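Colleague: Each chain, written out:
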Amino acid sequence: MKMSIKKKGKKLLSVEQRIKRRNFISFASFFLLGAAGLRGWKWLYHSPEETPSITAGMGKPLRRALNKTELFFRNFFSNKHLVQTYPKSMAAKKVRVNAHIGIENEGFKPESWQLAVVKGGGDILSLTIEEIKSLPKTEIIYDFKCVEGWDQIQHWAAVKFVDFVSHFNLQQQATMQYVGMETPNGEYYIGLDMESALHPQTILAYEMNEQPLTLEHGAPLRLIIPVKYGIKNLKRIGTITFANQRPHDYWAERGYDYYSGL
Amino acid sequence: MKIIKEKHPFVMRWTHWVNFPILTIMIWSGLLIYWANDVYTVTIFGHSFVNFFPDWFYKVLHIPHRLAEGMAFHFLFMWFFTLNGFFYILYTILSGKWRELVPQKKSFKEAWLVLLHDLHIRKTTAPQNKYNAAQRIAYTAIIVMGLGSVVTGLAIYKPVQFYWLTWICGGYHLARILHFALTLGYVLFFVIHVVQVTLAGWNNFRSVISGFEVLEMSPPVAVEMAAEETNTSTDQDNIADQVMDDPIHPAENIQ
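Protein chains in written order, with the numbering used here: chain A, 1 to 262; chain B, 1 to 255.
Honestly, I wouldn't trust all of these hints.
What the simulated footprint calls covered on chain A by chain B, stretch by stretch (three residues with Cβ under 8 Å from a Cβ of chain B suffice, anywhere in the stretch; the number is not a length) [claimed, not checked]:
hint	segment
1	14-23
2	50-60
3	69-83
4	138-149
Below, in silico cross-link-like pairs of lysine-lysine (DSS-like), each with a Cα-Cα straight-line distance of 30 Å or less [claimed, not checked]:
hint	chain 1	residue 1	chain 2	residue 2
5	A	K20	B	K130
6	A	K60	B	K158
7	A	K80	A	K119
8	A	K42	B	K59
9	B	K97	A	K20
10	B	K7	B	K109
11	A	K60	B	K105
12	B	K123	B	K7
13	B	K158	A	K94
14	A	K68	B	K5
15	A	K20	B	K5
16	A	K20	B	K7
17	A	K93	B	K97
18	B	K59	A	K137
19	A	K20	B	K2
20	B	K59	A	K80
21	B	K158	A	K88
Everything labelled a hint here was simulated from the structure, so no lab data went into it.
Note that the coordinates shown come from a computational prediction; the quantities given were computed from them, not determined experimentally.
By construction, the Cβ of each residue, glycine as well, lies at the ideal position given by its N, Cα and C atoms.
With these hints in hand, go ahead and build the complete structure from the sequences.
Modeller: Printed below as a string of C-alpha cells:
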C-alpha cells in the first residue's frame, strides 16, 4: 500500500496527509514571507540618510520614493487647474504667522530694500518696490494650506509672477526649469519648478487684507504660491534666481518633499 | 471522517495579509502627520469628550515632531495600499467571488440575527455560507472604506490638481475629517475582527493562511446522504460540497 502511494504520487495521499502537507506549505510560506517583510521594513526604517545636498535629512530610499512620486503627480499639473477663490467676507482678519525664519533680524529697513533678480552672466536686475507696484495689481482670496495640516482663507494683493517675468524681460530666464528665492539675509530659501512659478495664481504680494504687508508677513514683498504648501511661500524676498537644477530649499534640506505641490 | 473544504482563494489570502502591515504603517505614518495639526475632538454641547489624542498616547508611540518622516512613509506606502486593494477588487470581480461577498437584500435583516446570536441574546444562528450576512456587510464595508481612504487621501494630497475629488468629498476640511474618521473605523474594525476571529477558532483562522477548512462528519450518514442524492461516487469533495450546502445537516467544524 505504502509503495503504491509513493509511486502514484499526491493523489493517493490520505486526507490526513493532505491536510498536514498543505498546512506545512502554507504556514511555512506565511512565516517566511512574514520574516522577509519584517526584514524589508527594518531595512527601510533604518536605511542610511541621504548624502546632504539640495535635499537632506531623509532616508535614501524614502527620498527616492518622494522624487519618483513627484514625477508621477507632476503629470497631473496644469495651469488650467486654479485654486478655489472665496468672497472677501470669508478672508481671515487675523492672519496666522507660523514662522519667522529668515526675517528675524531687527536691523532690516524696508525703505532701503531692493529686489535683486539674478539674470545670469553676471547681470543683476535691481528693482524697488515702486517699480514692482507699477505693474497690474491682482488680488486673490484663497485657502492657504500649511504642510502641518491647517489652512486659512487669506486675502492678498500682488503682481502676478508671469506678468513680472514678461514686464522685466525675463522670458529667456523663464525657459529654465527652476526658480530660486531667498530672504535678504539668506537664512530662508526655496526652490520652485518653473511650471508652478508661472501658474497664473503665483504672485508677488505686497498687500494683505488691503493693507501694506507687515514685517512679520513678509514686507515689503513676499511670495504667495497657492499650488504649493505654505513652506514655499517665502516672506521678504531678497533675491530671485533661475536655474536648470533645483535651487537649494530650506525645508527640503530638513526631510521634506522638494516639490510640496498641491 | 475528515474532509478538506476549500474556502479562501490564494489571491484573497495574499492581499489580506499584505494589507495588514501596509495599513498598520499607513495608520502610524498618518498619526505622525496628524500630530502636526491635531485639532479633532468629539464635542457635544460645548464639552469635549474625546480629544484626539492625549499626550500620553503620543508619547507612548513616539509620535511628536516626525511630520517629514510621516509624510515620506505615507506617500510611499499609499502606493502599495492602493495597488494591493486594486488587485483584490479586480480579482474579486473577475473571479465572480463578489457574489459570496457583497450583501444581498436579505443580508441586512439577517445581520441582526447574527448580531443577536453573537451577543448571546438569541440561540438560533443565521445561515452561514462562506460569509454570513454580518460578514458580508462588514467585509464589503471595509473595501468601500479602503476606496474612501484613497479618494479622501488624494483629495487632501492634491486639492488643486484633483479639485473635483476635493469637491466630491465636500471640501478640504471635510475630506481631512473623513480621512481621519475612516482610520478610526479601521481600528474599530480591527478590534471586532480580532475578537470574532479568536472566537471562531483555529479552523477558521487557518483557512485564511492555508485556504481550506477541515470538516468532521459522521461517515455513515454522510455517505448515505451522498449516495441517495447523487447515486454516484463517494468522492470526498462532493460530499463536502453537499454537506456544506445542506442547511438541515450542517457539517461540524473541527480543529
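Colleague: Taken at face value, is the distance from the CA of K2/B to the CA of K20/A at most 30 Å?
Modeller: Since the Cα atoms of K20/A and K2/B sit roughly 12 Å apart, the hinted pair holds (cutoff 30 Å).
Colleague: When you check the alpha-carbon spacing of K59/B and K137/A, does it fall within 30 Å?
Modeller: Answer violated: K59/B to K137/A is near 49 Å, above 30 Å.
Colleague: Are K59/B and K80/A close enough, with their CA atoms no more than 30 Å apart?
Modeller: violated (44 Å)
Colleague: Is it true that the CA of K68/A sits at most 30 Å from the CA of K5/B?
Modeller: Distance of about 45 Å is beyond 30 Å: violated.
Colleague: Mind taking a look at whether chain B covers the segment 138-149 of chain A? Criterion is 3 or more residues with CB to CB distance under 8 Å.
Modeller: With 6 residues closer than 8 Å to chain B, the segment 138-149 of chain A meets the three-residue bar; holds.
Colleague: With the threshold set at 30 Å, check whether the alpha-carbon distance from K93/A to K97/B stays at or below it.
Modeller: Status violated; Cα separation ~56 Å.
Colleague: Taken at face value, is the distance from the CA of K20/A to the CA of K97/B at most 30 Å?
Modeller: Measuring from Cα to Cα gives roughly 27 Å; hence the hint holds.
Colleague: Using a Cβ cutoff of 8 Å, are there at least 3 residues of the segment 69-83 of chain A near chain B, or does the coverage claim fail?
Modeller: holds (count 8)
Colleague: Do at least three Cβ atoms from the segment 50-60 of chain A come closer than 8 Å to Cβ atoms of chain B?
Modeller: holds (count 3)
Colleague: Three residues or more, CB to CB closer than 8 Å: is that satisfied between the segment 14-23 of chain A and chain B?
Modeller: As far as the segment 14-23 of chain A goes, the hint holds, because 6 residues have Cβ atoms under 8 Å from chain B.
Colleague: Starting from K7/B, check that the Cα of K109/B is at most 30 Å away, please.
Modeller: holds (25 Å)
Colleague: Does the structure keep K158/B and K88/A at a Cα separation of 30 Å or less?
Modeller: Within the cut-off at roughly 24 Å; holds.
The structure shown violates the earlier hints numbered 11, 14, 17, 18 and 20.
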